[in-house]
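Assemble the whole structure, with the sequences as input and the hints as a guide.
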Amino acid sequence: MTIDINKLHPEGVLEKAIEMRRSDMECYQDPETGMLKKELEDYTNCMLCGIDNTDLLFMKEGFRFVQCKGCNLVYVNPRLNDEKIDHLYVSGRFEYQFRNLFIPSAAYRKEKLYAERLKLIESYMPTGKLLDVGAAAGHFMETALERGWDAYGVELSPFGIEYAKNELKIKNIYKMGLLEQKFDGDFFDAITMWDVIEHLKNPLDIVKEAYRILKPGGMIFVYVPNFDSVEVAVCKEKCDTIVADAHLIYFTTATIKELLQKADFNVVYTDTVGLDIDHTIFNIKNHFEKIYNTEFLNDFKQTLQDAIDKSGKGNWVRIFGKKKM
152 MTIDINKLHP EGVLEKAIEM RRSDMECYQD PETGMLKKEL EDYTNCMLCG
202 IDNTDLLFMK EGFRFVQCKG CNLVYVNPRL NDEKIDHLYV SGRFEYQFRN
252 LFIPSAAYRK EKLYAERLKL IESYMPTGKL LDVGAAAGHF METALERGWD
302 AYGVELSPFG IEYAKNELKI KNIYKMGLLE QKFDGDFFDA ITMWDVIEHL
352 KNPLDIVKEA YRILKPGGMI FVYVPNFDSV EVAVCKEKCD TIVADAHLIY
402 FTTATIKELL QKADFNVVYT DTVGLDIDHT IFNIKNHFEK IYNTEFLNDF
452 KQTLQDAIDK SGKGNWVRIF GKKKM
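Position 226 of the sequence shown, counting from 1, maps to 377 under my numbering, and the rest follow consecutively.
Treat the hints with caution; some may be incorrect.
Straight-line C-alpha distance at most 30 Å; calculated BS3-like pairs for lysine-lysine [as the list claims (entries may be wrong)]:
| hint | residue 1 | residue 2 |
| --- | --- | --- |
| 1 | K464 | K158 |
| 2 | K220 | K167 |
| 3 | K167 | K263 |
| 4 | K189 | K366 |
| 5 | K326 | K359 |
| 6 | K359 | K167 |
Simulated restraints on C-beta separations [said to hold, decoys possible]:
| hint | residue 1 | residue 2 | range |
| --- | --- | --- | --- |
| 7 | K413 | L208 | 21 to 29 Å |
| 8 | I169 | V241 | 19 to 27 Å |
| 9 | L271 | K475 | 15 to 23 Å |
| 10 | V419 | K167 | 38 to 46 Å |
| 11 | D457 | D181 | 41 to 49 Å |
Just so you know, these hints were derived from the structure itself, not from any lab.
Beta carbons are placed, not taken as given, at the ideal position from N, Cα and C, and that holds for glycine.
Right, here's the structure in full:
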């Protein structure tokens with residue numbers, strides 16, 4: 152599938168969001184050490200296997216990115232404390248991205264991304280009850296409703312909830328986390344988590360809750376950024392998906408598969424897809440001091456991306472799991 156990056160990302164919006172992120176990061180840092188302020192630290196054991204034994208991979212903007220020696224999960228440690236993380240999603244740059252990125256590009260996202268995702272889901276099951284976890288402004292839910300799904304959503308952003316209810320007239324969207332909403336067990340046919348799990352402080356608890364509220368034979372459909380991607384290999388910590396206050400965890404195909412299996416899901420499908428070439432060009436232009444010529448990449452972009460995706464190195468992992476009958 153060919154994606155026009157200019158229609159996906161309105162001009163200048165990502166650049167502005169990066170400026171806002173840098174400003175946020177400076178506020179978190181101790182001016183003397185350049186590290187995360189002590190009063191904002193929250194240390195954690197590995198969120199996948201539970202041990203506390205890591206190697207330091209790199210530093211970025213005052214945060215330590217570590218890899219678990221037990222299961223190879225990469226995560227931020229110490230991470231930002233709960234109060235600051237919770238505040239992040241109700242103000243500042245996240246509101247800016249809602250209003251200036253997701254809403255203006257919604258029609259294109261519905262056509263090129265959300266319809267394709269629903270076709271994938273529908274290849275496994277007929278329409279039924281679907282829950283979108285991290286529903287943002289509700290456009291995926293809207294696309295699902297248009298295709299005959301009985302769609303529900305949970306979302307923490309007040310801006311997303313307001314837009315979904317007032318502009319899209321979506322009813323079953325709740326300003327609450329999945330654990331707090333307390334849906335009935337065996338209720339949903341499908342649960343989607345698009346770019347959600349990497350944000351979570353308690354991913355295993357969330358995936359276990361998804362298992363509980365799915366009907367027997369129901370399925371979970373997950374996309375997460377791929378730490379084992381070409382983009383990360385080339386750009387390393389300069390990747391814009393490596394952002395410590397928002398993305399707390401960095402999965403590979405192996406580690407996200409282990410997470411679903413720990414929640415008792417039977418993993419039925421994995422692959423990778425991405426915009427590695429577009430993102431690499433963007434990262435080089437915006438984050439590298441030396442200017443590299445990237446124009447030649449445009450001539451072979453889709454061919455290169457297809458090869459990257461097939462090799463398992465695309466910058467998103469898609470993984471689908473099924474609840475036991």
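Status of each hint after checking the structure:
1. K464 - K158: 24 Å, holds
2. K220 - K167: 37 Å, violated
3. K167 - K263: 24 Å, holds
4. K189 - K366: Status violated; Cα separation ~44 Å.
5. K326 - K359: Roughly 20 Å separates the two Cα atoms, so the pair holds.
6. K359 - K167: 37 Å, violated
7. K413 - L208: 21 to 29 Å: Holds - the Cβ-Cβ distance for K413 and L208, about 23 Å, lies within 21 to 29 Å.
8. I169 - V241: 19 to 27 Å: 20 Å, holds
9. L271 - K475: 15 to 23 Å: Because 21 Å falls inside the window, the suggested range holds.
10. V419 - K167: 38 to 46 Å: Once the Cβ atoms are compared, 40 Å apart, the range 38 to 46 Å for K167 and V419 holds.
11. D457 - D181: 41 to 49 Å: 45 Å, holds
Consistency note: the structure conflicts with the earlier hints numbered 2, 4 and 6.
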